[in-house]
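*Asks:* Sequence:
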Amino acid sequence: MAKNYNIFISHSWAHSNDLEDLRELLNNRGYFNVEFTEASKDVPINSSHAPYIKSRLKNKIQSSDIVLALAGIYASHSEWMPWELDTAKSFGIQIIGIIPRGQERISQEVFSRSIVDVRWNTESIVEAIRNHAK
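Counting in full-length UniProt numbering, the sequence shown runs without a single skipped number right up to 134 at its last residue.
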């Protein structure tokens, strides 16, 4: 029986199309079962209070088997991504940097925290998840 992976994708809300594309890529991979735990525009955390949002995100991260971090250069300008990645590390959850299509440079915020960085390729991403998820 195939393992079901709980995946938190750390992403920039301003670039949520990359989030949707990554979700679709993983959902369409045969023999690979995923559940996504991050907040998204589809299922936002409806609050403007940072402590409440952090509490909810912390629970989502802690229940994940792995964190995927979209490593576009825009991640270096996110207020939330470094916090999400540091939270994952504090729980011993591995981080995989996902380099979006066409990106030459990646965010140092992601690169400095990830165990491995992979290009936008289904098999590379799935292999990294299988190798590093808890």
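None of these hints come from the bench; they were simulated from the model.
Remember, predicted model here, so these are calculated numbers, not experimental data.
Hints are not guaranteed to be accurate.
DSS-like cross-link-like pairs, simulated, lysine-lysine; straight-line CA separation at most 30 Å [as the list claims (entries may be wrong)]:
| no. | residue 1 | residue 2 |
| --- | --- | --- |
| 1 | K134 | K58 |
| 2 | K3 | K134 |
| 3 | K134 | K60 |
| 4 | K41 | K60 |
| 5 | K89 | K134 |
| 6 | K54 | K89 |
*Asks:* None of the hints should be skipped; say for each whether it holds.
*Replies:* Here's how the hints hold up against the structure:
1. K134 / K58: It holds: about 17 Å lies between the C-alpha atoms, which stays within 30 Å.
2. K3 / K134: holds, 11 Å
3. K134 / K60: holds, 15 Å
4. K41 / K60: At roughly 15 Å apart (the allowed maximum being 30 Å), K60 and K41 satisfy the hint.
5. K89 / K134: holds, 13 Å
6. K54 / K89: holds, 15 Å
Checked against the numbered hints above, the structure breaks none of them.
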